[in-house]
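Start from chain R and add chain A according to the hints.
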Amino acid sequence: MLSVENLVKQYGEVVAVAGVSFEACKGAVFGLLGPNGAGKSTAINCISGLLQPTSGRISVAGFDVQKESRNAKKSLGVVPQELAIYEDLPAIDNLRYWGQAYGLRGSALESRVREVLATIGLGDRAKDLPKKFSGGMKRRLNFGCGIVHQPPVMLLDEPTVGVDPQSRERLFELVEAERSNGTCIVYTTHYMEEAERLCDSVAIIDRGKLIAEGTVAELRAKLGARDVLQLQGRFPVEQSKQAVKALAEKNRLDLEIISQDESSMTLTLSAASQHLPTVFQTLANAGGKVSETSLRSPNLETLFLLLTGKELRE
Amino acid sequence: MNKAMEFIWASIRKDILRWRQDFTAILLWLSIPLIIGGLITSMIDGNGGAKPHGILLIADQDDTFLSSLVAGAYSQGELGEMISVEKTTLEAGTISINAGEASGFLVIPKDFTDALLNSKPVTLTLKTNPAQTILPGIISDVTDILLDAGFYANQLFGSEIDQILDTGPGDQSNDVKVAAIAVAVQNKIDSAAPLLLPPAIDITITEPPAEKPSVPMALLFLPGIILMAVMFSSNGLAGDYWVEREKGTLRRLVYAPGQMAAFLAGKALAAGVIIALIGALTLVIGFLYHDIAWAKLAPSLLWITASGIALFAWFGALQMLASTQRAANLLTAMLLFPLLMAGGSFFPFAALPGWIAAIGRRTPNGFVVDRLTTELTAAAAWSIDPQSWLVILLMALSGLGICAWRLQTGFARS
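Chains R and A, in that order, are what the protein sequence lines are. The first sequence begins at 1 in my numbering and counts up by one. The second sequence begins at 1 in my numbering and counts up by one.
In isolation and in its complexed conformation, chain R is listed as follows (with noise of 0.2 Å):
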C-alpha cells in the first residue's frame, strides 16, 4: 500500500533523512520511532507532498508521489501533529469542507460526514464550534478530517502530543477502527508503549537513518532477556571497562556495555538484579563509585538505548 525506497531529503549539508526504505500494508500499523529530531516528520512530510524529496521514490496505493501526484494524494489521508482545524467553523462544516477538499459532494459527502462524527464521538456537537471543545475533542475532529474521504493510506504523525490518557485511549480506538477497515497506516511516535500496543510492525529511526525494523516481537527477540541496568556515579573509563569483561569472562554473563563515561555506565544484563552486588562489587574494585542505579526489562524504550546509546525522548 505504502512503500518508500531510499528515501533521502537533505538541506543543503544538513541530511534530515539519509536512504530510507520501508513498506507499510494494508490493514496493518506501521510505526515509525524514534526520537525528536530524528527525520520522521521530514520522511512523512516527503510521503505527503509537503517536502520535495532529494532522492528516492514514494508510492502510495500505486501511485508515484512525484510523478501522479494527484492520485497519490487522493489515496492518503493525513492526520498532522498540529489541531489543522478550523477552530471558529462547527465541527460538521469542517468535515464538509475537507470531504470537498477531496472531491466528495452532494449526498455521498453528508453521509460520510455523518458517519465520520459518529466514529469520532461528535455527533451531538456536530454544530458546536471546535474552540469550546476539549483537548481530546478537538484531536478526534483532527482525526476525523484526515479519514473523511476515506483514503486507503493514512498517515498519523504523532497524533496524541499533548493529549490526555482517556483521550489517547479513543484515539487509539480510532486507529484500530481504521486498521480492521482495511486501511493502511503509517504511525510516527516517539512513545514506545503506544508504537507496542498499536502497531504490528516499527522501523526505528535515527539521525536521519533506520537502524532497526521488524515486528514487535522480532525487535523484543533482538535484545533478547536481556535487562538495561543504568548506573550513575564516577567509573575511571578503562579500568571501569576491563573489570565488567572480566567479570563477564568469569562467571559467563550475558553481559554487554551499551555506554559509558566518566559519570554513567549502561549496561544490559540477563536476570540482572540477582548479578546486582557483583556488579556493584566488581566496578568499587575498579576505582568507581555508583550512586544512582536504574533497572528496566526489555522492551522497545531499551531496545532504543541498545541501539543508539540514548534515550527515545532525548
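Quick caveat, the hints were computed from the structure, so don't treat them as lab data. Just so you know, even glycine gets a beta-carbon here, dropped at the ideal spot from N, CA and C. Careful, some of the hints might be misleading.
[As the list claims (entries may be wrong)] Not close to chain A: a few residues of chain R, all C-beta gaps over 10 Å, as computed:
1. GLY27
2. SER48
3. GLY56
4. PRO80
5. PRO90
6. TYR97
7. GLN100
[What the hints assert, rightly or not] Derived list of chain A stretches under chain R, where covered just means 3 residues or more per stretch with a C-beta under 8 Å from a C-beta of chain R:
8. 69-81
9. 225-233
10. 243-249
11. 256-270
This is chain A only, laid out in the frame that chain R set:
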C-alpha cells in the same frame, strides 16, 4: 458545477462562516471610518458649514428715530441670522461684555441724532469681545458702513430728514407732510438721475463660462471615508493567510489534490462579499446623507467591491512575502496609514496642493478614491471609464498571482 467550482464555493462559505464569528473586527473596520466621517461631516456640514451667531448689546441713550434705525440695521437680512440685537443699559451692557456674554456692546450717545443732522462730531462706543474673532469683526465693519451711509444720507436728504423728525405723532397734517417729503426726495433723485443713469461708463456684460455646480466639501470626503473602511477590512481579512498557516490548515490543504487555486479564489471572493457588505452600508449612509442619485449605487458598489478584492489580493501578497506573522502585520500597518493619508481618506484631493493630490491619485487606494469621486459627483451613473476597471482587474490578478506563487513556493508548506 465542476469540482473546482464546488470547492471555490465551499471555500467562500467556509471563510464567511468563520469571519462571521469575528463580528467585532468587522464592526471595528466599519466604525472607525464612520466615526471619522461623522466627525468631519458634522464639522463642515454638507451645506457649507454652520454660520456663526452672536449677540450685540446696544445701549441707545439717544432713543430717537435715527438711533433706532442704526440699532435695527444689525437685524436686517443675513446679518440678522448671525447677530441678535439686545437693547440694554450702559451699566448692564458693560457688565455683560466684560463677562464675555456678548460679541459686542455698542453705545449710541444721547446727542447722536443732533450731531448727525448738524454735522457735529459724535462718538459711538463699540466694545468687542476679544475671545471671539469673526463676529466682533463683522459688527465693527457694519458699524463703519452704517455711519458712512448716515453721513451721505444726511448730505442728500438732510432737510427731508429734519422734516420727518419735526413731525409729531399727533400732527393732523401728517399725510400732507409725508407727501411733500416724498415729492422732495423724488425731485432730488430725478435731478441726480441724468448724472447717474445711464452711467457715464459703457459696461459690456460678458457671461462667465458655465461652471459645474459646486460639490459640497463633505461629499468630497465620502469616497475617502468609504475607502478607509475598505482598506481596513481588506488588510484585516488578508491577515487570515497567516492565521491559516499558523493553524496548519494551509498545510492540510497541500495534502489535498490540487485545490490551492480554488482555495485562493474562494478566499478572495469571500473577502469580496465582506467588503461589499461594508461598502454597501457606508454607501447607503452616504447616499442618504448627501441625497445622491440611487442609480449610482450599483456602479459605486461594484467599483468598491472590485477594488476591495484587488487591495485584499495585494495585502495578502505582502503578508505572504513577510517572514513572520508579526513582520507581516507590521509591514501592512506601516503601509496602510501613509496610503490612507496620501490616498484621499483623510483629506479629499480637492483640498490638497496639486502636486500632493497628483501623487495621491497614483496610489492604489487614491486611484480608487479618485474614480469613486467621479462616479459620485458626475451627472450620470456608470461614469468610471473602462480603462480604470481594467486597471483594477489587473491589480487583482497580479496580487492573486503573487499569492499563488507564495503558496506554491513554501508559504503553505512550512
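Results for each hint:
1. GLY27: 22 Å, holds
2. SER48: Label violated. Min Cβ-Cβ 5 Å, cutoff 10 Å.
3. GLY56: It holds; GLY56 of chain R is separated from chain A by about 18 Å at its closest Cβ, greater than 10 Å.
4. PRO80: 6 Å, violated
5. PRO90: Not fine: 8 Å to the nearest Cβ puts PRO90 of chain R too close to chain A.
6. TYR97: 5 Å, violated
7. GLN100: Incorrect as stated: the minimum Cβ-Cβ distance to chain A is 4 Å, not above 10 Å.
8. 69-81: Check failed, 0 qualifying residues.
9. 225-233: violated (count 0)
10. 243-249: Satisfied; 3 residues make the cut.
11. 256-270: holds (count 4)
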